[in-house]
Amino acid sequence: MVRLPTRLDRSFFDRGTLLVCRELLGKSLVRLDDRGRRVSGLVIEAEAYIGMEDLGCHAHAGRTARNASMWGPPGDAYVYFTYGMHWMLNFVTEREGFPAAVLIRGVAPVEGLRAMRRRRKGRPLADLANGPAKLCQAFRIDRHFDGHDLCQGTSRVFVEDRPPVPDEAIRSGPRVGLDPVPEPWRSMPWRYRIHPEHVRYLVIQEERDEIA
DNA sequence: AGCACGATTAACT
DNA sequence: GTTAATCGTGCTC
Numbered sequence: 001m002v003r004l005p006t007r008l009d010r011s012f013f014d015r016g017t018l019l020v021c022r023e024l025l026g027k028s029l030v031r032l033d034d035r036g037r038r039v040s041g042l043v044i045e046a047e048a049y050i051g052m053e054d055l056g057c058h059a060h061a062g063r064t065a066r067n068a069s070m071w072g073p074p075g076d077a078y079v080y081f082t083y084g085m086h087w088m089l090n091f092v093t094e095r096e097g098f099p100a101a102v103l104i105r106g107v108a109p110v111e112g113l114r115a116m117r118r119r120r121k122g123r124p125l126a127d128l129a130n131g132p133a134k135l136c137q138a139f140r141i142d143r144h145f146d147g148h149d150l151c152q153g154t155s156r157v158f159v160e161d162r163p164p165v166p167d168e169a170i171r172s173g174p175r176v177g178l179d180p181v182p183e184p185w186r187s188m189p190w191r192y193r194i195h196p197e198h199v200r201y202l203v204i205q206e207e208r209d210e211i212a
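First residue of the first sequence? That's 1 in the numbering used here, and the numbers climb one at a time after it.
Source of the hints: derived by calculation from the structure; they are not laboratory data.
These figures come from a predicted structure and were not determined experimentally.
Please note: incorrect hints may appear among the correct ones.
[Stated by the list, open to error] Taking lysine-lysine pairs in the DSSO-like style, the calculated list, with each CA pair at most 27 Å apart, reads:
#1 LYS27 - LYS121
#2 LYS121 - LYS134
#3 LYS27 - LYS134
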């Protein structure tokens with residue numbers, strides 16, 4: 001029997017951030033455009049940012065207009081602007097009032113490759129969404145989605161369930177880009193990614209819709 | 001009002 | 001390996 005993919009609901013995100021981060025790997029990030037067309041890809045890399053104690057987390061300096069979404073309910077988006085040109089997509093985790101989120105750092109394109117390539121100025125498949133700012137370009141995600149409820153039925157950005165990825169296919173290590181952050185936060189192994197060989201296998205399962 | 005910085009990327013040498 | 005791009009944000013004056 002064929003099961004239609006189901007959208008992850010709030011209970012998925014209302015758990016420990018490391019668990020959510022780990023389990024987001026292999027799920028499908030979906031973006032619907034204004035005509036209902038799908039751009040999608042499998043989450044292949046993600047990082048956890050957990051609470052005000054975590055000196056690598058934007059929440060550590062307290063709540064501001066920019067990072068307020070992190071204190072919101074699980075399943076909301078936290079989208080912020082950085083380096084004068086880049087947007088970053090996070091999913092808020094844990095109970096409302098506790099600031100934590102998972103940064104989506106990489107996606108393997110599956111649907112809407114043409115739209116992605118247009119938005120990414122004709123770059124090769126491998127460079128379409130293999131970075132936190134790149135995937136926001138490819139999926140056209142910006143401040144419009146900050147504080148947006150991704151679990152609501154009308155959301156144009158959401159995550160669809162997929163089978164769990166086995167532990168053997170997953171690597172973890174220190175988070176990226178935290179050079180000035182003091183230990184132990186700088187070295188916490190809160191970055192998770194799927195081994196490239198297994199990504200290849202998963203994408204084949206998805207039957208990618210267009211020729212590279 | 002001014003200023004330093006950034007959970008990055010692309011284009012260099 | 002290095003570095004410019006580019007600007008919203010948060011902090012200081």
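The hints, checked one at a time:
1. LYS27 - LYS121: holds, 26 Å
2. LYS121 - LYS134: Measuring from Cα to Cα gives roughly 11 Å; hence the hint holds.
3. LYS27 - LYS134: holds, 18 Å
Violated hints for the displayed structure: none, as all numbered hints are satisfied.
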